[in-house]
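Chains A and B are the protein sequences, given in the same order. Per this note's numbering: the first sequence = residues 93 to 424. Per this note's numbering: the second sequence = residues 93 to 424.
These aren't lab readings, by the way, just hints derived from the structure by calculation. All values reported here derive from a predicted model rather than from experimental measurement. Worth double-checking, as some hints may not be accurate.
Chain copies aren't distinguished; within one or between two, either way the pair holds.
Said to hold, decoys possible - The calculated lysine to any residue pairs, modelled on SDA-like cross-linking and capped at a C-alpha distance of 20 Å, are:
no. : residue 1 : residue 2
1   : K289      : P188
2   : K412      : R144
3   : K207      : R144
4   : K327      : D230
5   : K176      : E272
6   : K412      : E394
7   : K354      : A316
8   : K278      : V347
9   : K149      : M93
10  : K391      : V347
11  : K354      : G315
Protein chains: 2
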Amino acid sequence: MNTQTILLASRPQGTPTAEQFRFETREVPAPTAGQVLLKTRYVSVDPYMRGRMSAAKSYVAPFEVGAPIVGGIVAEVVESHSDKLPVGSVVVGSLPWQEYNVTDAQAVNQVPADKAPASYFLGLLGMPGLTAYFGLLDICQPKAGETVVVSGAAGAVGMIVGQLAKIHGARVIGTAGSDEKVAYLKELGFDEAINYKTTPDIAKALAAAAPNGIDCYFDNVGGAITDAVYDQLNKHARIALCGQISTYNATEAPVGPRPEGKLLKTSTKLQGFIVSDYLDRWPEGVKQLTEWYAQGKLKGEETVTEGFDQIPAAFLGLFKGENTGKAVVKVA
Amino acid sequence: MNTQTILLASRPQGTPTAEQFRFETREVPAPTAGQVLLKTRYVSVDPYMRGRMSAAKSYVAPFEVGAPIVGGIVAEVVESHSDKLPVGSVVVGSLPWQEYNVTDAQAVNQVPADKAPASYFLGLLGMPGLTAYFGLLDICQPKAGETVVVSGAAGAVGMIVGQLAKIHGARVIGTAGSDEKVAYLKELGFDEAINYKTTPDIAKALAAAAPNGIDCYFDNVGGAITDAVYDQLNKHARIALCGQISTYNATEAPVGPRPEGKLLKTSTKLQGFIVSDYLDRWPEGVKQLTEWYAQGKLKGEETVTEGFDQIPAAFLGLFKGENTGKAVVKVA
Chain A
93 MNTQTILLAS
103 RPQGTPTAEQ
113 FRFETREVPA
123 PTAGQVLLKT
133 RYVSVDPYMR
143 GRMSAAKSYV
153 APFEVGAPIV
163 GGIVAEVVES
173 HSDKLPVGSV
183 VVGSLPWQEY
193 NVTDAQAVNQ
203 VPADKAPASY
213 FLGLLGMPGL
223 TAYFGLLDIC
233 QPKAGETVVV
243 SGAAGAVGMI
253 VGQLAKIHGA
263 RVIGTAGSDE
273 KVAYLKELGF
283 DEAINYKTTP
293 DIAKALAAAA
303 PNGIDCYFDN
313 VGGAITDAVY
323 DQLNKHARIA
333 LCGQISTYNA
343 TEAPVGPRPE
353 GKLLKTSTKL
363 QGFIVSDYLD
373 RWPEGVKQLT
383 EWYAQGKLKG
393 EETVTEGFDQ
403 IPAAFLGLFK
413 GENTGKAVVK
423 VA
Chain B
93 MNTQTILLAS
103 RPQGTPTAEQ
113 FRFETREVPA
123 PTAGQVLLKT
133 RYVSVDPYMR
143 GRMSAAKSYV
153 APFEVGAPIV
163 GGIVAEVVES
173 HSDKLPVGSV
183 VVGSLPWQEY
193 NVTDAQAVNQ
203 VPADKAPASY
213 FLGLLGMPGL
223 TAYFGLLDIC
233 QPKAGETVVV
243 SGAAGAVGMI
253 VGQLAKIHGA
263 RVIGTAGSDE
273 KVAYLKELGF
283 DEAINYKTTP
293 DIAKALAAAA
303 PNGIDCYFDN
313 VGGAITDAVY
323 DQLNKHARIA
333 LCGQISTYNA
343 TEAPVGPRPE
353 GKLLKTSTKL
363 QGFIVSDYLD
373 RWPEGVKQLT
383 EWYAQGKLKG
393 EETVTEGFDQ
403 IPAAFLGLFK
413 GENTGKAVVK
423 VA
């Protein structure tokens, strides 16, 4: 049996292009005892994967050139040699970008596919949801009446951060890159949303949206938006440093105003994190997110691209701001 | 009765000079019920006071032009209208730079002058000691065997940070601005000390001194030393952001490499703070510092200037790196 696979053809310099990807047909080995054959249903494309395409050591090991790209996948068990996962089970795991994968049953996690659309386990009820959950609730700890700013607010993580902050009674301001996204954030319940691409003075727009200053900042983006936030922090502000998508494709070390003086005079806490820092608390996070989703307090939003051959395009679209909410590719 | 007083004559642009200070003779009012007349014995000069000389809002209110400069003072009660403070008591408080002050007894704190030299209540057993104590032990929380870097290590706070880190079993590296300071840090028990003024490549020197990477950074200085530290942080590093003396006299907003990407990929926590954030825990801190001092585990080091008229010069000397340990002025 054969499968299509997508390999890393070369490492990008700056913004990745279609040249970085190569499609190949490979043979799928027969599953042995304890293994399952998985048919891919949804593939997750995520900004953090850009980091793995470079050779530099980061918080996740680099992809190897010539090897399949590995990421979040929702799949269905189509052949099973494990009591744990009967045929028909829906699972999520970190797997090669292939139409079919053979893996140990214990390397993937079954998801309750009756409780939510399967793709949500790559978004609202998966890694991005947990990222929002721990970053906002553990690091920022917003209190009712406080002001929370989220950059990249219409992205997979940002849109959940904003909804979680509203559940906790905060005033929520999001930044995003199009009028459509801004409109969607308002629909989701954000108090204010700023189109950073069309707003001439971000600092002024933030000051108008956050007249009482900023208590919490969930940063997915970095750069000029972050600089403007630093100037408007309240005493004892908390910053969850989750991503820096504005710098991921930079070819030179980014330079900007030094933030330390601003963080010092406001006694601000800034905490860098990756969701795996909270691995031991994932069950708590999934349980709480699932509960809020069931109660209608959290909405998922996805940009779904169709077709295995469209995976690279969907990934490249992340850096053009093409997605609102979680970007996933529907494969089967 | 008259006293000399030192007023803020004008706000500095960049590095302050003697022109910013004006000496005047003023009348001292007679103390009334509940008040004491204090004779100044030691005046504290501290880098944070530079911030108060500017009009910009910071974590402490600006000094007013034409009004006396206010700072840490150790004084003796020479006339008392309060049962709380008999004549001869030694007190510490935030008071105008004057030879004599009249104040409410409850506005100052009596110190146990039999337990340590009186000036130590402005240093090791006072505000700088508490700054080191809470910043290192509450924010950085060094573990035995971890590596701690302290910038401005020979300053009033830095030298205590290093000693506290050694008490906790850490490997300690300090940066300072002269060979004499470096030699003194070694005497104090620092494992390594780097003269940042004569070392051509700070990053290389740090890497040699910290072969296992940096777990904790206590930053008094900012700028290039801090940039080099950010590049060598271990996963889950902790940074106590205490001061930025390298930037206090800057006339333009300082610019440098953006740190966020480095803090993100190491899941580093950076916490700005001022000692007053820990006001409710000062008794704990003073008790512990006094105990370690009595046990011979902590040494004070001071640069003592003599004479009330030398206060401005001692203050200006902070920005030329003239002091090793706490800079104080002996007045009487």
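Outcome of the hint check:
1. K289 - P188: Close neither inside one copy (35 Å) nor across copies (51 Å); limit 20 Å.
2. K412 - R144: within (19 Å within a copy, 45 Å between copies)
3. K207 - R144: neither (32 Å within a copy, 58 Å between copies)
4. K327 - D230: both (18 Å within a copy, 18 Å between copies)
5. K176 - E272: For K176 and E272, the Cα distance exceeds 20 Å both inside one copy (44 Å) and across copies (68 Å).
6. K412 - E394: This pair counts as within: shortest intra-copy Cα distance 16 Å, inter-copy 58 Å.
7. K354 - A316: both (15 Å within a copy, 17 Å between copies)
8. K278 - V347: neither (33 Å within a copy, 35 Å between copies)
9. K149 - M93: For K149 and M93, the Cα distance exceeds 20 Å both inside one copy (36 Å) and across copies (69 Å).
10. K391 - V347: So K391 and V347 fail the 20 Å test inside a copy (37 Å) and across (40 Å) alike.
11. K354 - G315: both (15 Å within a copy, 14 Å between copies)
Hint check: violations occur at hints 1, 3, 5, 8, 9 and 10; the rest are consistent with the structure.
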